[in-house]
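Student: Input sequences plus hints: build the corresponding full structure.
Here my numbering is used: the first residue of the sequence shown is 40, the next is one more, and so on.
These are calculated hints, taken from the structure and not from any lab test. Some clues are possibly wrong.
Stated by the list, open to error - Beta-carbon label-pair distances, calculated as ranges:
| id | residue 1 | residue 2 | range |
| --- | --- | --- | --- |
| 1 | Ala199 | Gly96 | 32 to 42 Å |
| 2 | Asp57 | Lys198 | 35 to 45 Å |
| 3 | Met40 | Gly148 | 15 to 25 Å |
| 4 | Arg178 | Ala199 | 38 to 48 Å |
| 5 | Glu186 | Pro67 | 13 to 23 Å |
| 6 | Ala126 | Met179 | 31 to 41 Å |
| 7 | Val73 | Leu116 | 18 to 28 Å |
The structure presented is a predicted model; accordingly, all values stated were derived computationally and were not measured. Where a beta carbon is used, it is the ideal one built from N, C-alpha and C, also for glycine.
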Amino acid sequence: MNFRIGQGYDVHTFGDGDHVMLGGVRVPHERGIVAHSDGDVVIHALCDAMLGALALGDIGRHFPPGDPQWKDANSLLFLRHCNGLIAGQGGWRVGNADITVVCERPKVGPHADAMRALLAAELGIGLDAVSVKATTSERMGFTGRGEGIAAMAVCLLVKA
Numbered sequence: 040m041n042f043r044i045g046q047g048y049d050v051h052t053f054g055d056g057d058h059v060m061l062g063g064v065r066v067p068h069e070r071g072i073v074a075h076s077d078g079d080v081v082i083h084a085l086c087d088a089m090l091g092a093l094a095l096g097d098i099g100r101h102f103p104p105g106d107p108q109w110k111d112a113n114s115l116l117f118l119r120h121c122n123g124l125i126a127g128q129g130g131w132r133v134g135n136a137d138i139t140v141v142c143e144r145p146k147v148g149p150h151a152d153a154m155r156a157l158l159a160a161e162l163g164i165g166l167d168a169v170s171v172k173a174t175t176s177e178r179m180g181f182t183g184r185g186e187g188i189a190a191m192a193v194c195l196l197v198k199a
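Tutor: The structure is reproduced here in structure tokens:
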């Protein structure tokens, strides 16, 4: 088989701070993220999708949250590791990725193109192969109450 599909999901609660990291982009917000690393739900979900496509476990297996070396780490390091890891598993690469952020705030739309460009560049794929979009949960559940943020990702891996 010359392709594999993976899906990923990540969630973090809001805490003290003045921004959130989403898709490698610093997005101003009245709250920060409670997380061991920078808490970038977009990149964490994408990494899980990439790893899942090749049955390589999840992001927590590769970057344990209790490991002090990952404290406040930039999640782009995780993405770079996962991209290299899949390439080393027989020459796979991301064919495309589709990511959905779930939150009431911050507004993702004004930052989506910057996220797409950064993720595409990091993965070495075309801008037209990366989608970042957002939705709300209609004020229901933890995201609807503004307690946190979530992201879902699907990616297609293809043989390089």
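Student: What hint numbers does the structure not satisfy?
Tutor: 1 and 3
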